[in-house]
Amino acid sequence: MIMGDRRHAVWIAAAGVHLALVLCGAFRVTPVSRGHFIGNVIETYRDYTGANSGYGFFAPAVASEWQATFDACSDPAHCISIDGERMSHEARLLLVTIDSMFAEDDLRDLVAGSYAARQFARLPHANVVLVKAAMYMIPSMEAYRRGKRPYWRTFYGWAFHRAAGRR
Amino acid sequence: MAGPFIELQGAADARPLAALRIGIAAVLLAQAFAFSPSLFLFFGEHGIVQAPIASVLVPSALPRVTWLVKLFAPYAGERTVLLCCFCLYVGALHLLLAGYRTRTAAIVAWLMHLSLKTTGTASAYGVFEFATIALFYCSVFPVGAALSIDAMSSKRDASFEAKLGLRVVQLHLCIVYLSSGIEKIRGEQWRNGEAIWRAVMRPRFAAFDLSWLAAHPLIPLLACWSTVVVELGYAVFIWPQRTRRMWALATIGLHLGIGIFLGLWSFAAVMIVLNAAAFLVPAGRRREPLGQPEMGPHLREQLVQV
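Line by line, the protein sequences are chains A and B. FYI, the numbering for the first sequence is 284 to 450, going by the working numbering. FYI, the numbering for the second sequence is 627 to 932, going by the working numbering.
By construction, these hints were calculated from the structure, which means they are not laboratory data. Nothing here was measured: the structure is a model prediction, and the numbers come from that model. Beta carbons are placed, not taken as given, at the ideal position from N, Cα and C, and that holds for glycine. Keep in mind that the hints are not guaranteed to be accurate.
Far from chain A, by Cβ distances over 10 Å, these chain B residues were calculated [unchecked claim]:
(1) R641
(2) I674
(3) P908
To spell it out: a stretch of chain B is covered by chain A in this simulated footprint if at least three of its residues, at any positions, have a beta carbon under 8 Å from a beta carbon of chain A; those stretches are [as the list claims (entries may be wrong)]:
(4) 704 to 717
(5) 721 to 734
(6) 820 to 827
(7) 834 to 843
(8) 865 to 874
Short derived list, chain B residues pointing at chain A, Cβ under 10 Å [claimed, not checked]:
(9) V682
(10) A687
(11) L688
(12) T692
(13) V695
(14) T744
(15) I886
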């Protein structure tokens, strides 16, 4: 019985620590920095268990949606827009998540380059791929009543050239 | 209120955890089949976000498919290894659903899910986070002790671990909704109704044309405040028996709305499973020590006669 009580106590203590870490994740608190050994262990545990997740979905504000579009060019005068890849509804949600990285200053160029590499692979004859990142501008309800409508506004553009000899 | 909240003594049957296991496995299977045609596009080394870029976005200790690609490089290509990982994940989810070798299946599903999530980290959204959490709990707690093939060969369906597991899931959900509610109430968009308007107007999320809401701003305003009230009140009103069912159903309604109007079906389904398992499936609390069968009045009477 004592063994059982001790086992229960260990389980309860472990659950308490885990939930404390969940609480830290929810309120974006890092209990111990990754710089320390203990901090690294704790953060790895949180990464594996999902205890580092934040839950502010669509909060405090609903972010604008981003979209990447592409043009492929054989020479500067001949560019055609490339159709998006066909995919299921669930896969489109994954794509929306990737596109949302255009909002991050330090990731934007990486995502654009990655998209371009994908398009070069799809279109072996393209020498240049233009990547454009547009944000969907949604007016407020009041502005919508006054006649303003949502639209895609291109904020960033990149031109990627195929490296010589690569096809 | 305090009773069920703090009580951890005794045992509870594992049906709520079993419901969590079955629901999560079913939803993740449906999700896996939904994105399987685009597997290489999102998780492949040469997909939309290539492996070297994806790898800098996540901590180095997290498992990823590229580890296995390197390990099996002499025997198989990247696409074959990725396909094998995906099949292993789907296979483990099937076993988890049936409750056969449940713990092993849960651990494999959890690790494979983590590997896929890390590899395709740029495309991982909310449902992946909750799947990680749920699969971790399936790996730790006795989710196979009821409604499973494993349970057929074992009579022990009630346990302290099942009770603790249920409490952990319940408390985790309270943290989820409390933090989400606090984040929302801080945002002006949630206080003036614009948040719902903006959410339903996002072109690749929206399932219906709800632009007419602009002419009736009271509807999104009420929807915003209802969401905030349900989320902020969750940690309080989900515990008393009198309000539990109502609050759980309101929360499920909220997620149904997310599924219907925003098209986030996998996310909505995972949250509905978590809520239903945690608060709507009866746990049948027991206080008897394990191993001693419950003694009804008839049995007790016979014992006295002997």
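Against the structure, the hints come out as follows:
1. At roughly 20 Å from the closest C-beta of chain A, the C-beta of R641(B) stays outside 10 Å, upholding its exclusion from the interface.
2. Taking the minimum C-beta to C-beta distance to chain A, about 5 Å, the non-interface status of I674(B) is violated against the 10 Å cut.
3. Residue-level check passed: P908(B) sits 22 Å from the nearest beta carbon of chain A, beyond 10 Å.
4. Beta-carbon proximity to chain A at under 8 Å applies to 0 residues in the region 704 to 717 of chain B; the threshold of 3 is not reached and the given coverage is violated.
5. With a threshold of 8 Å between beta carbons, the proposed coverage of the region 721 to 734 of chain B by chain A is violated, since 0 of its residues qualify and at least three are required.
6. Proximity of the region 820 to 827 of chain B to chain A, defined as three or more residues with a beta carbon under 8 Å from a beta carbon of that chain, is established by the 6 residues found.
7. Proximity of the region 834 to 843 of chain B to chain A, defined as three or more residues with a beta carbon under 8 Å from a beta carbon of that chain, is established by the 5 residues found.
8. Interface restraint, the region 865 to 874 of chain B with chain A: violated (0 residues with C-beta to C-beta distance below 8 Å; minimum three).
9. At about 8 Å, the closest approach between the beta carbon of V682(B) and any beta carbon in chain A falls short of 10 Å, and the interface hint on this residue holds.
10. With a least beta-carbon distance of about 5 Å to chain A, the hint placing A687(B) at the interface is held under the 10 Å criterion.
11. Restraint check, L688(B) versus chain A: the minimum CB separation of about 5 Å is within 10 Å; hint holds.
12. This hint is violated: T692(B) has a C-beta 15 Å from the nearest C-beta of chain A, more than the 10 Å allowed.
13. A hinted interface residue such as V695(B) counts as satisfied when its beta carbon comes closer than 10 Å to some beta carbon of chain A; here the least separation is about 18 Å, so the hint is violated.
14. The beta carbon of T744(B) comes within 9 Å of a beta carbon in chain A, closer than 10 Å, and the hint placing it at the interface holds.
15. The beta carbon of I886(B) is not positioned within 10 Å of any beta carbon in chain A (closest approach about 13 Å), and the interface hint is therefore violated.
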